[in-house]
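A.B. asks: Below are the chains, spelled out letter by letter.
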Amino acid sequence: MSTNATTEIVPGWETVIGLEVHAELATATKLFSGAPNRFGGEPNTNIDPVSLGLPGSLPVLNEKAVELAIRVGLALHCRVQRSVFSRKNYFYPDMPKDFQISQYDLPINGEGWLELADGRRVGIERAHLEEDTGKSTHVGGGGRIHEADYSLVDYNRAGVPLIEIVGAPDLRSPEDARAYVSELRSILVAIGASDGKMEEGSMRVDCNVSVRALGETELGTRCEIKNINSLRSLGRAIVYEARRQVDLVTSGGRVEQQTRHWDEAEGSTHKLRSKEEAYDYRYFPEPDLVPVEPSDEWIESIRAALPMLPRERRRRLADEAKIETAAAALTVERGMDDLAVEAIGLGADPVRVLVHLENNLADGIGSLSAGPFAALIAMEVDGNLTSTQTKTVLAVLVADGGNPAEVATELGFEAMEAEELEVIVDSLIAEHPQDWLAFTSGDDKERKKKAGFFVGQIMKVTGGQADGRAVNELLARRADA
Amino acid sequence: MSPSKEITARGLAAEVRSGVRSARSVLEEHLSVIDASEKEIHAFNLVLIEDARAAADVVDAQVAAGDDPGPLAGVPVALKDNICTRGVPTTCSSRILEGWRPPYNATVVDRLVAAGAVVVGKTNLDEFGMGSSTENSAFGVTRNPLDLRKVPGGSSGGSAAAVAAGFTPLALGSDTGGSIRQPAALCGVVGVKPTYGVVSRYGLVAFASSLDQIGPISRTVADSALMLEVIGGHDRRDSTSIPVPAPDLTSVLDRGVEGLRIGIIEELSGDGLEGIAVDVKARLGEAAAALEAAGATVAATSVPSTVYGLSAYYVVAPAEASSNLARYDGVRFGLRIDAPNAGDMNIATRTAGFGDEVKRRIMLGTYALSAGYYDAYYGKSQKVRTLIMNDFARAYEEFDILLSPTAPTTAFPIGEKTSDPMAMYLNDVCTISSNLAGHPSMSVPFGLGNDGMPIGIQVLAPATDEVTMFRVAAVLESTAPAGHPAIGGVA
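Chains as they are written, first to last, in my numbering: chain Z, 122 to 602; chain U, 161 to 651.
Isolated chain U (complex conformation):
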């Protein structure tokens, strides 16, 4: 076993495009890694062995014919199982979607395939993306490849674990309140939540539409840049898609941070925030020092309203979810539990089909939107959102980039927080504000905690400034302390 960090999507694609290696051999090697450890990790809800082989063969045929299969030629990718794949079950790790096969691909899937990527499987998640540990899955928990007793984070825990375990060099996650960045941090990989509207949501099964965003998970910053270039850019099937092409990111990674002004968000990292671990604070300090050494100016700054982010989020997200999840009524697709009449059938189906956390959030959201409560909850939360945006706008007058930890602690033991929803929700305290503001942010692995588990630093940027965000991420990656744990990977 060699460190899987050396196996990059960029490297594999270059080899496949130039004919040095076949896409099929790349795939078979990854399938054997999956075969060796998937049983204990359970990153996947479904591994598409035969479909993947056929896709790899198509790529090889293109190369043989002298055609260029694209920038991700032959690169195995894993998809979070809330991203629609034509003819292939898409479950959201929920019983309620039992038996449903979407008749269409998500835009991101079409773009990955068009770029030569080979879809290997659908990864586990907290049901409909609701959770921070991948324990809320109808199909069982995913384990952290670095310590099987611990959670991989969530909700994109399956995707983060797949990348960390060397199952695939790239995976797609979705991030509504931290669901890409937090599991990336807990599994020691890179995770990116792009600016709202940079990546099409068409074909992403909605959790909270105004917050959801698809993004890359990879072992290197450069691979996330490459994947975001492929999946980003305008899509007319998503009305909230920003009408500009995907940003050019791979060419800016070596530009350094000389002259950049970087602010550390006090509210998300200082002594003010309950529950931020000492080792997490220490790594943040070292990251700041590293950036300073690389030529950036670093200072503490305040974004006061971020402390209200968690509360606002747990009104807005459940409110939208209560409406988005109404369609799972047993009438047209998925699970149906028969009953004497349509109304009872709806109730029986939803009672049997949804897990506890989903039901909890549907009830929260329904309450928040009810007549007489709307202004006090949903209305007020939207005001907090505006406040957060204004605070960020002020901060970005002084700073180009903001920094915070991605998660308050390293990965926690499986089962530790399942009985305490509030403790679980607090895991997203650092990541939520980016979703509420619609801004990009990403998690970069930066050293280890006292328990030997990885710690992620969150890089936040103003809307559509992925370029500067990736420049800072690249410097953090290259200056991260040695001692990254050995990760299972392709020999």
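Chain Z on its own, in the form it takes in the complex:
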């Protein structure tokens, strides 16, 4: 990463984090067969001979999955290259063939990078294609396979295409890690590669954590944490694991390379297996498939069809609104930047545009389009509508669309003439002499309090149609007179 924003979980110690993200690709069918790639459904209904690994069945590569993988590679600035599928051999009941078809030494996407919302870059080591496994449910025995009374397996997920994105150990805090996953998810969703739903398991994060004393340049021994199911768990798991490792080292022990399991309920990690107990996967090239050699023309056509990425959207909005890129992040994340850019292009005040989008439109923009939005902001800026009235009109535009001027008239929001306001203010001053005295002669605190009182009274009398800013100016003018 270009700059390090180190957050110390334990003072004096740096946490080094690298994430492996698995995302299910949004194809209609599985990676190597025509069985549907669909979430949910009755167990063992989205299956066929290939998904079950029946003897004699053979894999046939899904071209759409390759296209989506290439999109991911291009969006992450990876080298897209000739790739080879390999078999990763190990026995597990939810793996139909007792080997997983994955990519090993020749992944489809080589090194690349991802830019966080704040502009820092995180290295991507590779992003490769592989098939998902089925899902096991172990009944009894605490839900663990070895103690279970019996186990059930659902192969609906077996063979669903996954892209595994291996990030470099460039992250230094839980916040970094969450920002990285959020950005990655935004990219995957933006390019249509995945729906990025962590809660449905279509995006899963394994987290490598190590610690080292501040200033140390060698990496410490890492542990890989599995079973992280949300961004919140990701942060908690990192904090727990960093503390555990620092405790180990400072009490004279040393960190053993392990695969560890995050227990959401207990808020802790526990050991699954050590490096010595790691499987020997006996990788070898998958003889039932041929190498994947996408042509330059195909890669370029995929590149040309890529939509604008979050990073480019932040840049564009920041340029249009003349703000920092980081300040454009929320609007882009909410997918409202097209509206913002268009409204600004129509002459709307950028600050008011972003204020409304960030504060008043958290639930979505509904029927709101750029023209009426720009017109509404013009009315507000020109003092024809108060900010409260603007908000009300905005809500109508979101719900039903329409013309802001007409909506304002229908709601009876007429801009108050200055003279009319003066008459009301003067009569209120006459009605509340004690308060007026306090306002004109009190200290700052008292003055502020009484200003609030008068504004409130005026709003009450005018039914909220008075412009708060104009009222304050008028009160100040009268006090100085």
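Honestly, the hints are just simulated from the structure, not real lab data. Hints should not be assumed to be uniformly reliable.
Below, in silico cross-link-like pairs of lysine-lysine (DSSO-like), each with a Cα-Cα straight-line distance of 27 Å or less [unchecked claim]:
#: 1; chain 1: Z; residue 1: K209; chain 2: U; residue 2: K543
#: 2; chain 1: Z; residue 1: K209; chain 2: U; residue 2: K519
#: 3; chain 1: U; residue 1: K577; chain 2: U; residue 2: K441
#: 4; chain 1: Z; residue 1: K209; chain 2: U; residue 2: K540
With the C-beta cut set under 7 Å, the calculated list includes, among others, these residues of chain U facing chain Z [stated by the list, open to error]:
#: 5; residue: E189
#: 6; residue: C244
#: 7; residue: R246
#: 8; residue: G363
#: 9; residue: L364
#: 10; residue: S369
#: 11; residue: D398
#: 12; residue: A486
#: 13; residue: R487
#: 14; residue: D489
#: 15; residue: S530
Backbone N, C-alpha and C define an ideal beta-carbon position, used for all residues, glycine too.
Chain Z is fixed; fit chain U onto it per the hints.
C.D. replies: Below, chain U without anything else, positioned relative to chain Z:
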């Protein structure tokens, strides 16, 4: 009994298509031959009498309706029992597949049926194709129809024996290191291993995926040509299938060998190779002379790396097998031996379900792929494969076709080599290189050995040149010495 060689698939299909004979009568005659001798030969794991009758009736109905059932109309065929048949047990002659019925047909089965063929049964094999004598079957040995004391070869021994015994004019085998050609040679029939990728492997239960290829076994060269035309050609369900149509073979058989350059592979036939019998060498010499007389030029040539073929094969094939056979874990299909937990269940099932030879190869392959050994074994074997391909490529600059014996000896007695795996493995020494290179080769019967048992000549061709290979095979067939043993057949 008349020599069954006169009963050909081509002849039967022509009669059925023209309405001269019914498919049903053809079938019933073959079923009666099976009934007479199957008990002593044991070529089949399963004879599908009623299914076959129904299929024959369909063919007859097509003819009656004026439709053409196809080039194999009414021809009885036998399928090696590692080729998937919908709803019909497919056992690989292993206990581990007990009770499993595939929900689909192999591509080759669909194509045979679409061409009017009538599937008669599933033939015995060495378990999962691992063996050279059909003695490694969970369901008992198949005997050589020409001498019941002898093996039929393997692993497609059931298919070769079925054709030799006159049970069917055609059978399908599969060939990973010689499993079609060697039993064809030992039973005195024709056996073809096509170019890797010419015939779809979809529905063939895998032994070693990069070597396996399905191919025909028949009594005549022309019948193998006909069957290969039906089963060959691109299949999108097999990613390694070559994207071209099946080659036209039946129309080239009479073209002769005039002007062809034919090389005899010294390493597989000369004095350098241990264990090649004198009578086998003699027949090879006569085959060379016959081709020369027919207008070909014949010379000895060297393909040096073929001597490493056997060693490379016994790393690559077990390595792939160790992975392909992992799925027999008792979870989804076949045998399950219950145990207190999933891992123990896997072990109990595999221990009970696999025979010794399969276990031996799973262990060999697992070892060869293990961390720290991969480069020394699997990696090196792949290099040998490349070396063999390069050597063949050089040889094919000078020659159109290469020749060797198919097997070092005639059929050996049952039980002779079962206790010595190395002696058994040496049976494949001549055939293995074609699988490693992915090239086509076939075995053609050519005279007898001193024991009166048949000898096969192996014709090897460069990738996808089945046409030239069949031209040479046809000439060998027509010039083979007289005195072929009487074979049981349809009267």
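A.B. asks: Hints first: check each against the structure and report whether it holds.
C.D. replies: Consistency of the hints with the structure:
1. With a C-alpha separation of about 22 Å, the suggested pairing of K209 of chain Z with K543 of chain U holds against the 27 Å cut-off.
2. Straight-line distance between C-alpha atoms of K209 of chain Z and K519 of chain U comes to about 20 Å, which keeps the hinted pair within the 27 Å bound.
3. Proposed proximity of K577 of chain U and K441 of chain U is supported: the alpha carbons are some 22 Å apart, at most 27 Å.
4. Proximity of K209 of chain Z to K540 of chain U is assessed by CA-CA distance (about 20 Å); at most 27 Å being required, the pair is judged to hold.
5. With its C-beta approaching chain Z no nearer than about 32 Å, E189 of chain U sits outside the 7 Å limit, and its interface hint is violated.
6. Taking 7 Å as the C-beta contact cut-off toward chain Z, the hint placing C244 of chain U at the interface holds, the least distance being around 4 Å.
7. This hint is violated: R246 of chain U has a C-beta 11 Å from the nearest C-beta of chain Z, more than the 7 Å allowed.
8. For G363 of chain U, the interface hint holds, since its Cβ comes within 7 Å of a Cβ in chain Z; the closest pair sits about 4 Å apart.
9. The interface hint given for L364 of chain U is met, as the beta carbon of that residue sits about 6 Å from the closest beta carbon of chain Z, less than 7 Å.
10. Among the interface hints, the one on S369 of chain U holds; its C-beta lies about 4 Å from the nearest C-beta in chain Z, closer than the 7 Å criterion.
11. The closest approach between the C-beta of D398 of chain U and any C-beta of chain Z is roughly 5 Å, which is under the 7 Å cut-off, so the hint is satisfied.
12. Contact between A486 of chain U and chain Z, as hinted, is supported at the beta carbon level, the nearest pair being about 4 Å apart and thus within 7 Å.
13. The criterion of a C-beta within 7 Å of any C-beta in chain Z is met by R487 of chain U, whose closest approach is roughly 5 Å, and the hint holds.
14. Checking D489 of chain U against chain Z by beta carbon gives a least distance of about 6 Å; that is within 7 Å, so the hint holds.
15. Below 7 Å, beta-carbon pairs count as interface contacts, and S530 of chain U has one with chain Z at about 6 Å; its hint therefore holds.
The structure fails to meet hints 5, 7 from the earlier list, while all remaining hints are met.
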